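Residue numbers (the numbering used here), protein chains in the order written: chain A, 1 to 223; chain B, 1 to 149.
Worth flagging that the hints you see were computed from the coordinates, not collected in a lab. For clarity, every value in this text was computed on a predicted model and none was experimentally measured. Some clues are possibly wrong.
Which residues of chain B face chain A? A few of them, derived with a C-beta cut under 10 Å, are [as the list claims (entries may be wrong)]:
#1 Gly35
#2 Ile38
#3 Pro39
#4 Gly54
#5 Val55
#6 Gly56
#7 Phe58
#8 Tyr59
Quick reminder that beta carbons are idealized off the backbone N, C-alpha and C, glycines included.
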Amino acid sequence: MITVQLNGSEVQGRPGMTILELAQENGIDIPTLCYRSELNPIGACRICSVEVEGARTLVASCHTPIAPGMAIHTHSPKVLQARKSIVELLLASHPDACLVCDKANLCELRKLAADLGVGLPRFRIRKRYYPLEDVSPYIVRDLTKCILCQRCVRACREIKKQDVFAIAYRGFDSKVVVDQDQPLDKEVCRDCDVCISFCPVGALTKREEALVPKKGIPLIMKG
Amino acid sequence: MADKSLPQLLASYRERKHLLALLKEIQEVYGYLPGEFIPEIARSLGLPVAEVYGVGTFYSFLSARLQGRNVIRVCKSAPCWLKNCELIVETLKRELGIGPGETTRDGRFSLQLTNCIGACDQAPAMMINDTTYVDLTPEKIPEILGGYK
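Chain B on its own, in the form it takes in the complex:
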């Protein structure tokens, strides 16, 4: 599945300022950020291990565990929260049988809570993979989920 190995990836990102781009590409290639890569990334970029770990855990789009085929990210920032995103999370929990941070047994969906995705004007919002869904209501959820295999 991985079309680029870690040494190849490390070779194309040589500077401290490339850290986030490197982490993003590892996430795309491997589907997650394996913990055993972090010391190697740190050595390659000349950064402390703690700092690479700090950046890796800060962003909700970088994950420490392998994700399902489709990743649902529900916005939990203030505007979505005011528009009752908790109801959306509850609906998703009921539909999928999993809580935030978990993956369904068949590997079809992972459920994540994320920080602002820039759709505050159409809150509550969520993303599935790269598609944004806005103005969510509990009734819309089953239909949206049905579109993903």
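One chain only, chain A, in its complex shape:
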């Protein structure tokens, strides 16, 4: 067993465990976005960042294993400030179409923004607009809403072993592509909704989903 300091109290964890798993076992809620317990963690979104005393930067708790003697702070002012900034940055390039978005109150980005109290971003607004891809009879892709968490890429690869998606281009131009940046129209997608169920925002939707009642817990708005 490994003993670490978690928010000031001593807790025990198993070797190989990540900081996030340890926190979850101890009832501490660290927000996540690109992390899903079914997939390999990649630390892309940095929402789950925590402060480790002595570490040069904040570390992403989803893929950082615990080490003996670590002193971890999951909700220090520095951490909260970083999380807010990340959501602000994501929102700065995310369309403000929440009112008419089918993902509505199931959107994880919107939930995070509400939880962290992030409103209009301070940053210069810069959106990337892509044409809606509705060629496939099974999946509609709206990459304008994509936040590049790569959950669809990993779900397709790790769960369905299909490798339909990959990330292409660089920096602000990064995009989830199919083959050589062709619109998604694959027969292997016929009976598989895996990527849709993994999309945290409204970028991937089923074709017939419009006007179907949403399932899931309603979003509690603050204020």
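Let chain A serve as the given structure and place chain B on it in line with the hints.
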């Protein structure tokens, strides 16, 4: 011009970890990365087409189109940007009559923007082919360009 055909190149790179080296050699032999090669590369290395395309489009030293005889790569990363690399790009645009991503009509120069080339201490910097030029000012540009045919 090509001294090695694609099957020969594919035969010398058999594993996933060789992808970048293979793409680099194709770029050297052909001068660019032809789109029709990508499915063959993917099949040969056992990778998804999307992933090969993703790697090919990530690196600014790999190009999807045939380049001019001399490739100018101006650094656009943060230190060069702070030292006003935009002025250098503007000067090059005026001198050559082309914008980033384009090639002059006579095929003499291609202009590209690139990510950091490791000359931050002497920013703004650019590369022409394999030569690095540092501490650039608009006045230096015509002389540098004059050295290339």
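Status of the Tyr59(B) interface restraint (C-beta, 10 Å, chain A):
Holds. Min distance 8 Å.
Pro39(B) as chain A interface residue, shortest Cβ-Cβ below 10 Å
With Cβ-Cβ at 8 Å, under 10 Å, it holds.
Under the criterion of a CB-CB separation shorter than 10 Å, is Gly56(B) in contact with chain A as hinted?
holds (8 Å)
Given hint Val55(B) near chain A, where the shortest CB pair must fall under 10 Å
At about 8 Å, which falls below the 10 Å cut-off, the nearest Cβ of chain A leaves the hint on Val55(B) intact, so it holds.
Against chain A, is Gly54(B) within 10 Å by beta-carbon distance?
holds (4 Å)
Should the hint that Ile38(B) touches chain A count as held when the rule is a Cβ pair under 10 Å?
At about 6 Å, which falls below the 10 Å cut-off, the nearest Cβ of chain A leaves the hint on Ile38(B) intact, so it holds.
Interface hint status, Gly35(B) versus chain A (Cβ within 10 Å)
holds (6 Å)
Cut-off 10 Å, beta-carbon criterion: hint that Phe58(B) touches chain A:
Status holds, d = 5 Å.
Checked against the numbered hints given earlier, the structure satisfies every one of them.
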